[in-house]
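S.K.: Based on the provided sequences and hints, a complete structural model is requested.
Number of protein chains: 2
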Amino acid sequence: MTTLPADLIIRDAMAADLPEIVGLLADDERGRKREKVTDPIEQSYADAFAAITADPRSKLLVAERDRHAVGTMQLSFIPGMTYQGSERMIIQSVFVARDLRGQGIGEAMLGWAIDAAKARGCRFISVNTHKSRERAHKFYKHIGFKPSHVGFTYELAE
Amino acid sequence: MTTLPADLIIRDAMAADLPEIVGLLADDERGRKREKVTDPIEQSYADAFAAITADPRSKLLVAERDRHAVGTMQLSFIPGMTYQGSERMIIQSVFVARDLRGQGIGEAMLGWAIDAAKARGCRFISVNTHKSRERAHKFYKHIGFKPSHVGFTYELAE
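Read top to bottom, the protein sequences are chains B and E. Going by the working numbering, the first sequence opens with residue 515, and the numbers climb by one from there. Going by the working numbering, the second sequence opens with residue 515, and the numbers climb by one from there.
In short, the hints are calculated from the structure, not lab data. Keep in mind that the hints are not guaranteed to be accurate.
One copy or two, either will do: identical chains are not told apart, so a pair holds if it fits within one copy or between any two.
[Unchecked claim] Below, simulated PhoX-like cross-link-like pairs (lysine-lysine); rule was C-alpha separation at most 25 angstroms, straight line:
(1) Lys-660 <-> Lys-645
(2) Lys-547 <-> Lys-632
(3) Lys-573 <-> Lys-655
(4) Lys-550 <-> Lys-652
(5) Lys-550 <-> Lys-632
(6) Lys-550 <-> Lys-655
(7) Lys-632 <-> Lys-660
(8) Lys-660 <-> Lys-573
(9) Lys-547 <-> Lys-660
(10) Lys-550 <-> Lys-573
(11) Lys-655 <-> Lys-632
(12) Lys-550 <-> Lys-645
(13) Lys-547 <-> Lys-652
(14) Lys-655 <-> Lys-645
Treat the numbers as computed from the prediction; the structure is a model and nothing was measured.
M.R.: Structure representation (structure tokens):
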């Protein structure tokens with residue numbers, strides 16, 4: 515089992531976390547372009563949170579330190595036919611507060627996700643990162659992920 | 515809207531399709547290693563099919579020609595926080611019968627998937643293919659997908 519840094523809690527996200535979560539999503543170059551940070555937050559984020567919460571196969575998590583959400587990630591458990599009908603975990607939207615990177619928060623989050631996938635009996639975990647995110651590539655390799663696939667995207671709106 | 519070849523039907527998979535679907539999954543080099551083709555099929559495939567059918571966010575499809583399943587793909591509609599709280603479609607397990615490739619069946623299937631993603635209001639579609647599947651890379655590019663991401667995998671069992 516992953517041991518968390520003593521001051522870090524990983525738990526389900528709550529509605530009260532949403533402003534901090536939206537801040538995390540927007541806290542990098544790609545995120546800034548595609549997100550919209552307002553006070554109060556855009557209704558579309560609250561709607562997405564409600565949809566994730568209502569989906570028994572998805573889970574939005576936060577890493578909490580000093581009563582703040584300093585990281586977030588989303589896990590989805592997807593049934594599938596391949597690998598003799600195995601469930602797989604898909605991790606999306608992994609973000610750590612910019613000024614707290616390199617302190618093991620992301621590693622603790624991913625360790626938590628790996629434990630959850632094992633507990634659930636998933637056959638594999640899949641996480642996609644944009645080609646340009648070289649720091650993320652190093653991070654996932656360090657944790658034991660293999661860059662095995664090409665992730666193709668089809669955009670439906672700009 | 516995508517126009518299908520006249521003799522091709524794309525529809526939800528049924529339990530009676532499972533032996534042919536399992537055959538499709540195993541009908542290439544990587545598939546042969548990880549699948550198990552038996553008669554009757556392994557229970558794990560039937561269980562996975564039941565899980566997909568029970569999941570309102572997943573859909574297993576077949577392309578049918580002459581009363582045979584000649585292609586299969588799985589679509590999942592995943593809620594997400596990024597892109598201002600957008601839903602995304604994840605396509606998995608795209609297979610076309612080996613001796614029928616190059617006849618537009620895969621293209622018809624993917625066109626169907628793109629239409630479904632548009633109808634649902636998804637922000638983007640994501641599909642991963644193994645690095646070694648060069649033919650598939652060309653295929654996805656041809657349809658308009660961009661190789662934007664690196665797909666990292668963490669295997670939990672061999």
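S.K.: Determine for every hint whether it applies to the structure shown.
M.R.: Now the hints, each set against the structure:
1. In this homomeric assembly, Lys-660 and Lys-645 come within 25 angstroms of each other (Cα to Cα) both inside a single copy, at 14 angstroms, and across copies, at 11 angstroms.
2. For the identical chains of this complex, Lys-547 and Lys-632 are inter-copy neighbours only, at 22 angstroms across copies versus 35 angstroms inside a copy, given an alpha-carbon limit of 25 angstroms.
3. Taking identical chains as interchangeable, the C-alpha atoms of Lys-573 and Lys-655 lie at most 25 angstroms apart only when both belong to the same chain, with a minimum of 24 angstroms there against 32 angstroms between chains.
4. Proximity of Lys-550 to Lys-652 under the C-alpha cut-off of 25 angstroms is found in neither arrangement, the shortest distances being 28 angstroms within a copy and 35 angstroms between copies.
5. In this assembly of identical chains, the alpha carbons of Lys-550 and Lys-632 lie at most 25 angstroms apart only when taken from different copies (22 angstroms versus 35 angstroms within one copy).
6. In this assembly of identical chains, Lys-550 and Lys-655 lie within 25 angstroms of each other by CA distance neither inside one copy nor across copies; the values are 31 angstroms within and 30 angstroms between.
7. For a Cα distance limit of 25 angstroms, the shortest separation of Lys-632 from Lys-660 inside one copy, 17 angstroms, qualifies, whereas the shortest one across copies, 32 angstroms, does not.
8. Proximity of Lys-660 to Lys-573 under the C-alpha cut-off of 25 angstroms is restricted to the intra-copy arrangement: shortest distance 23 angstroms within a copy versus 28 angstroms between copies.
9. For a Cα distance limit of 25 angstroms, the shortest separation of Lys-547 from Lys-660 across copies, 19 angstroms, qualifies, whereas the shortest one inside one copy, 28 angstroms, does not.
10. Taking the closest pair of Cα atoms, Lys-550 and Lys-573 come within 25 angstroms of each other only inside a single copy of the chain (22 angstroms); across copies the shortest separation is 31 angstroms, beyond that limit.
11. Only within a single protomer do Lys-655 and Lys-632 lie at most 25 angstroms apart by alpha-carbon distance; the minimum there is 19 angstroms, versus 34 angstroms between protomers.
12. Taking identical chains as interchangeable, the C-alpha atoms of Lys-550 and Lys-645 lie at most 25 angstroms apart only when both belong to the same chain, with a minimum of 23 angstroms there against 34 angstroms between chains.
13. Taking the shortest alpha-carbon separations for Lys-547 and Lys-652, only the intra-copy value of 23 angstroms comes in at or below 25 angstroms, while the best inter-copy value is 29 angstroms.
14. Taking the shortest alpha-carbon separations for Lys-655 and Lys-645, both the intra-copy value of 14 angstroms and the inter-copy value of 16 angstroms come in at or below 25 angstroms.
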